[in-house]
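Asker: Listed below, chain by chain, are the residues.
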Amino acid sequence: MLAAPKKTSAFLASASPNFLWNEIVRWSFEACILRREGQESKVTELLKERLPSLIRAWSARSGLSSEACKERLRGLFGRVQESVELGFLQRRLIVDEICTRMAFQPSGAHLPQATGPVGLRREVPFGNIPDMLDALAEAEFEMKGEAVLPVRRAVTLPQDLFAGETTAQVALSA
Amino acid sequence: MKTAVINKSTSKAASSVNDEGRSADTETLFVGLDWGTNTSCLMAAPSGSSESKVALKEQIPTVVGFAAENVLQRVLPGDAKVLFGQEALKHKLYLTIVRPMSGGVIEDLPSARLFAQHLRDRLNAGNREVCAVIGMPASSDLSARENARRAVQGVFNKVIFVPEPFLAALGYRDESRLSEAKYQDPVANSLYIDIGAGSTDVCLVQGHYPTVDDQLSAPFAGDAVDQIILDGIMAAYPDCGLSLARVRDIKETHSFVLAQDSATPAIATVMIGGKLRKLDVTEQVGAGCEALLQKVFEMTRDLIARADAESATELLQNVIVTGGGSLIKGFGVALQTKLLEEGFDNPRVRVLGENYKDYVARGALKAARQAKDRQWQNLIG
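Residue numbers (the numbering used here), protein chains in the order written: chain A, 2 to 175; chain B, 128 to 508.
Bear in mind the hints are in silico, worked out from the structure with no lab data behind them. Be aware that a few hints might be false.
Stated by the list, open to error - What follows is a set of in silico ranges between Cβ atoms, one per label pair, in the way DEER data are often shown:
| id | chain 1 | residue 1 | chain 2 | residue 2 | range |
| --- | --- | --- | --- | --- | --- |
| 1 | B | P346 | A | L87 | 46 to 54 angstroms |
| 2 | A | P113 | B | L183 | 49 to 57 angstroms |
| 3 | A | R154 | B | M361 | 44 to 52 angstroms |
As the list claims (entries may be wrong) - Only some residues are given here: those of chain B computed to face chain A with a beta carbon under 10 angstroms:
| id | residue |
| --- | --- |
| 4 | A265 |
| 5 | I287 |
| 6 | F288 |
| 7 | V289 |
| 8 | P290 |
| 9 | E302 |
| 10 | S303 |
| 11 | D312 |
| 12 | T338 |
| 13 | D340 |
| 14 | G359 |
| 15 | R433 |
| 16 | K493 |
| 17 | A498 |
To be verified - Straight-line Cα separation of at most 30 angstroms, BS3-like style, residue types lysine-lysine; simulated pairs:
| id | chain 1 | residue 1 | chain 2 | residue 2 |
| --- | --- | --- | --- | --- |
| 18 | A | K145 | A | K71 |
| 19 | B | K422 | A | K43 |
| 20 | B | K465 | A | K43 |
| 21 | B | K422 | B | K456 |
| 22 | B | K309 | B | K465 |
| 23 | B | K217 | B | K405 |
| 24 | A | K145 | B | K499 |
| 25 | B | K499 | B | K180 |
| 26 | B | K208 | B | K180 |
Just so you know, even glycine gets a beta-carbon here, dropped at the ideal spot from N, CA and C.
Next comes chain B alone, as it looks inside the complex:
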């Protein structure tokens, strides 16, 4: 399948799309999408609505479940052949679960297309034109974007792809509070650390969007931590048969980097030889998270060194951690401690926590609202 990407302002084909039923006076629905490896966040608002209005906000596990052969009738809702998100996870016993994304980019195009169509269905957009700004990992290349375009071709009418750290910063900034004396503008002089599944991106945001020179990216993030944990567990319990997906579940529940947090041990319940066994995997989980902390610390230290010396003091006050890795217990405090031990003056690390997906989607929605008509890429389905 070939994706045709054309610019509306120069394309006859684009005008024919409009001729096919989406007349100029039809309301447009703007969408901000954080298409995450594990969870996606969707926000939408109609054109012309106020900046603060969000008509739809939803977090959906990025999962597609295909019904197994010979599933009894009425076991799956509506005898569906394909389920998505939470519903797919709920019925996973009867489904073949596929995760369309890996490392923040599309791994399985057919299931990604189905998932994208599911997102469109959630919008209840009807015949309205749907224009989506979609976040991409900062380290993603053009082939990853091309795959994403193919996945949403015929699903959304127009798209723009923007690096996720840009969107997180945009979404985190509250323009309505800029006039408040106490409000610290998070894009004035900050360092953003985005720990995703496939890559960790560290960006300097000093009043302008980060250029290639203002960011560091490393292919070491959540997936690498999962692998370290799994390797450690397999070394300690060779016959446990744990899968990477199960390790991810364990990590998401028990991850930590501070010794005091390890007081609550990470216990994995696994079936070995038909018997349930409880394994203490605290050490392995800690080792994986510690490796990530060390990597993030090194990248942060290197990027601070690139910043102008006069701006460094204020910059150190605004180290912001986002992405799935920011959910590791104690990560912010541990990173702050390491920076302090390295000799940086009074660093302050903030962690965006559970809401981090909202910020990317909110930033994407802001971008969608302000994009010029010529900047959208029409997808001819």
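Next comes chain A alone, as it looks inside the complex:
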């Protein structure tokens, strides 16, 4: 989900602080989701290439002191992480409930099928076989979950994290 093109430095220099802030919110959210999905290379790309330029541009144009910028960013990252964790937890409970109920349905009622290989989403040290088996079971559950209730539909951010922005700016970022 890194399809949106990176903004050029000229664009960033002229973008409004609200627009820049909302981009930071969106991409931090994306980074947290990707980390939960085990896609570390994409997370690294976001953290090294996309977010720093946005943060620099916003900090320069926000009108806040350096310390205030850091404080606001820390608060944002904390809330985004918390929202993603909570979202995943709620989704897990919902998917678990749906799967359990479907298991007792008469034949003919099927859940959507997950596709693609089952791969670990977190690092497990080699010596720990039980942990590896748990991680595989988690990955399998997450795959089923993604088919039943896609994570980006289930996990959302509180709207108060976003700054007010104009329709034109939203369209630009889409």
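Mind docking chain B on chain A? Use the hints.
Answerer: Coordinates of chain B only, in the frame set by chain A:
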């Protein structure tokens, strides 16, 4: 047929299975299974036995043969209606041969179930509970696992499915030698290349099991090589009538990637118009194997690029090739040469060779021994 998969710790049905005769004090038999497209490897050991003890180790061609109608009595051993493995191949003239697997996953569920039952029979497990860890291709999806579950439902009591590259690395690692200064731990910083029938999987193993980010998978492996060889042969000898199964036999005998190995020509003996003819298919076999080498090289190069720069030097010393494709003559040397030509510093490619099936099954047996009770999936038959 619907497969019921439930977790023992939460299931009343599971406890009823135990109530039906497998009491807690009954010995459990742990099984490690590499259920291969062409050959399966089975290892077993009773619970409580030492890590080094393997009670049974067997390689069985993954083949089921159904007796043809009107076969004369006493032609087939015991006048059997179904034969398996080597015995089926030996009597194939009187049988309809079915290969239950294709591309590393189950293709024909009824024959896969029969084959699984044959594996169970080989264990002489009696009433013991049989808990099997079964290797699956890294690229297999949930429907492939579901099919595998259906195939072993009522055959094994409990199962766990684990990606084959994990098991190969586990099986290849010799824990008893970790304290030796000269022993290079194959899971510390290695790149595993598993060339199966349906897919090629390349994994970074750097002290932890590969995550989705540490592996590349492509649906290009042994089966694709067979097709390239067959297409080439049909283009050169349109009337030869070679089957894909025969091409596989030719490949397994003559495959090569180095020019010096082509000095022993690949000759296919075929019947054309009632006459036996010998066809030189060296060029076609070489082309198929070369295509695989190129694909594996590209995947390896791409995955090395993902590794941390500081770990790359050591990683290049531990490129390990496993799976059926590793049996191609000269594959390791040719891959090493290509990596060197690409500019990688002093790469070293090791090929696990004939024993590769043992490593997956051994790794599966290790996993079975260490799995927690709650991690097994009970199969209600």
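Asker: Now tell me, hint by hint, if it's right for this structure.
Answerer: Consistency of the hints with the structure:
no. : hint                                : in the structure
1   : B:P346 - A:L87: 46 to 54 angstroms  : violated (38 angstroms)
2   : A:P113 - B:L183: 49 to 57 angstroms : violated (41 angstroms)
3   : A:R154 - B:M361: 44 to 52 angstroms : holds (49 angstroms)
4   : A265                                : holds (6 angstroms)
5   : I287                                : holds (6 angstroms)
6   : F288                                : holds (8 angstroms)
7   : V289                                : holds (7 angstroms)
8   : P290                                : holds (7 angstroms)
9   : E302                                : holds (9 angstroms)
10  : S303                                : violated (14 angstroms)
11  : D312                                : holds (9 angstroms)
12  : T338                                : holds (5 angstroms)
13  : D340                                : holds (5 angstroms)
14  : G359                                : violated (30 angstroms)
15  : R433                                : holds (6 angstroms)
16  : K493                                : holds (7 angstroms)
17  : A498                                : holds (6 angstroms)
18  : A:K145 - A:K71                      : violated (39 angstroms)
19  : B:K422 - A:K43                      : holds (24 angstroms)
20  : B:K465 - A:K43                      : holds (29 angstroms)
21  : B:K422 - B:K456                     : holds (17 angstroms)
22  : B:K309 - B:K465                     : holds (28 angstroms)
23  : B:K217 - B:K405                     : holds (24 angstroms)
24  : A:K145 - B:K499                     : holds (23 angstroms)
25  : B:K499 - B:K180                     : holds (20 angstroms)
26  : B:K208 - B:K180                     : violated (35 angstroms)
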